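There are 2 protein chains.
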Amino acid sequence: MEKIPGVKYMRDFYPEEMRLRLWIEDHWRQASLRAGFQEWDSPIMEYLELYARKSGDEIVGQLFTIAPRDADAKDDKRMAIRPEMTPSLARMIAARQAALPKPIKWFCISRMCRSERGQRGRLREFWQWNVDVLGSPDPTADAEVISVAVNALSSMGLTSEEVEVRFNSRTLSAAILAAVGVSSEQQPGIYAALDKRGKIPAEALREMFAKVGLESAVVDRIEEAMGCKSLDELEAFASNQKLSGHKEALANLREVERALALLGAGDWCRFDPGIVRGLAYYTGPVFEIFDRKANLRALAGGGRYDNLLSVVGGQPMPGVGFGMGDVVLGELLKDLDKLPSSAMELDDFVIPLDDERKWDVLEIIAALRRAGRRTDYASAAGNLGKLMKRADQLGAARVVLVGGDEWTRGNLKIKDMKNRTEAEIAVKEFLTHPARSS
Amino acid sequence: MEKIPGVKYMRDFYPEEMRLRLWIEDHWRQASLRAGFQEWDSPIMEYLELYARKSGDEIVGQLFTIAPRDADAKDDKRMAIRPEMTPSLARMIAARQAALPKPIKWFCISRMCRSERGQRGRLREFWQWNVDVLGSPDPTADAEVISVAVNALSSMGLTSEEVEVRFNSRTLSAAILAAVGVSSEQQPGIYAALDKRGKIPAEALREMFAKVGLESAVVDRIEEAMGCKSLDELEAFASNQKLSGHKEALANLREVERALALLGAGDWCRFDPGIVRGLAYYTGPVFEIFDRKANLRALAGGGRYDNLLSVVGGQPMPGVGFGMGDVVLGELLKDLDKLPSSAMELDDFVIPLDDERKWDVLEIIAALRRAGRRTDYASAAGNLGKLMKRADQLGAARVVLVGGDEWTRGNLKIKDMKNRTEAEIAVKEFLTHPARSS
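The listed protein sequences correspond, in order, to chains A and B. Here the first sequence is numbered in my numbering, starting from 1 and rising by one per residue. Here the second sequence is numbered in my numbering, starting from 1001 and rising by one per residue.
Read the hints as simulated data drawn from the structure, not as lab findings. Remember, predicted model here, so these are calculated numbers, not experimental data. Quick reminder that beta carbons are idealized off the backbone N, C-alpha and C, glycines included. A hint or two may mislead.
Which bits of chain A does chain B cover? Going by a derived footprint, with three or more residues having C-beta under 8 Å, they are [to be verified]:
| id | stretch |
| --- | --- |
| 1 | 24-35 |
| 2 | 45-53 |
| 3 | 189-201 |
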């Protein structure tokens, strides 16, 4: 019979790959818990309407939708697999908004699907870590979510020489663009162009600017603003150009920067006026995380979204957060040779030396497991060389041999696989203190 | 704007519920790892064909299928959300069957969906723990998977007085049925009837037997066999009735029973000839786990399936395993008041006593988090009573107060929330040894 393949652009997690996924998830989880965030989750699917209302068109076009059971099923009950978590977050918070103590500090580690074209760093199923603070307009909240991302990356062995957080502010960009002569109708087109900056040739970028209908003098001023490498440079530029209207947003972003330094993330972060984020719902500071060699797509992206709750029928509430996927992160860790060993680890492997002892083996493994030791066994006697090789394959720290002369003497033989030493120990004593080797 | 609800018969996991889900998952995972099983996972969806080939009709009727992107999409590329893990397990093992060291001992903790009618113990999205051994025909493998289930339940605080494993053997049932005069064509109808035993009135059961076309003398003998409460009783019955053909299966099940006792699970398990399992693919020992009061649906079910790999195009390979869902288990733990506290836990909550100190707070929380402590903070000074209440809400073990006279002296005030004691400590010393309270 023909074999059936797994679904294309989705991954099978054999134990080796699963250990790596769990390793990443664990670092995400621990960094979140250390910062006082609480884990949440939503169903794998939501009513389609939730995505239609909140997300950009790009994401709605990538939805896996559920086939309706009945041909005449109502449209408003159609469902889709979640392509991101923010709509579910907004829905769940809106449902209990008054009752939840503020600020709401939540994280999730979530499976999601998008029907995109498969390519490097893009799969149709992936895991995303989301960290959000809702109910705090304070710039320390922006800095805190960034520092949680940095702490997780740092705990995985990545350094500020390998990874950087580029931050900006949508409010600041809007104020600067308005001051240099971009109308509010032209702004979305400019953001779309800025989002492509560095990803497409300078020529093509100028064409995008031209399409929006900007005079070349305005484009030059935008390019100059884009060239600012720090908030000081931007302030000097604004002062030279006698711009106004940007001061509040600048002061806010300076506070975010100050908080980042105090939280120990200063070396990881730099101001980059080119970061604007595609999604329409960002309203303040925004950021993206990249590998410094910029070989890969963004590791993470996020920002402040103060209008999100209103969109799902909740009360207005400030919010800030980010999402980090597992795919690009996994590639970066692999490229930098920072993935941990994916080998299995076992404490004990128990082998019967003759078939009569197979029943005694069961009592021994039960005692070892009760003592919390990770224990596997051979269900029958066999070629000892092969069985020892099996123990090695399983990463066993110790092998317990049941049978032979030792058994006749009421003893077990214990082999330490690391030090390659052996010891003989009485069965009774071993069952009472299974962690002792001699 | 109107609020959008979550999908019906699926659960939102607010942090309290999430902590309980993770608690259950952790007990499942630890019991599996202690027994030397390795974790795996598959995509949330598979090609429809995989389920059509392996699963019973009941499950295929409950699939959530993905709407095709193009109206003329080929049928063989249609996908469905996984309703169980066994088909994915078989597919993944078949793909690497020769290369995987045997026995293959795998477990998974998996989200899955079925479009069933919602009711107590049945939701449309749930988590299931699967534990499987492939490549071992040995009865110790059957006993081992059962003992892993028992160990997990025991680690959650359940006892053999509250929960029991009822085991039987499909081979044994088939031999007994054949010996008392049931033809192999009649057997599926009998299994369907036996599966309803105890769930429907005796009258209705006799009708089901009658429909299969059995003489009432045969039904009487089946009822007598069903009344056997142990393997000894069944053996005596077979001997009285001068039956033959059942001895091999009986001997095999006796070995499973012996292994269960040696693994310390004897008190939890009893032979029950009424356990036959609905699914067609079981080929040997089968079992289900129930609360002893039998108020709820089965907690888990499983058995031996030696033909599964062949169905997905693999080589024949013996297998045994079970699935345990989170919904019924959660209900039982709740009914027995054995769920752990779902309250949040925090090590430190740091409060600025005046707004100038909000920046110093950031340095302190960064140091605490670097030391591995779960730390949250107030981003601004405020009503101290309210902030202390917030610390309590968050389950903080300690509160660190930054400001006031202590700050002027270069110190911090530390409040131990359990013992309700206070101490003053130098900022420098605290930042060097953040775990020390005095």
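query = Going through the earlier hints one by one, which of them does the structure break, listed in rising order?
reply = 3
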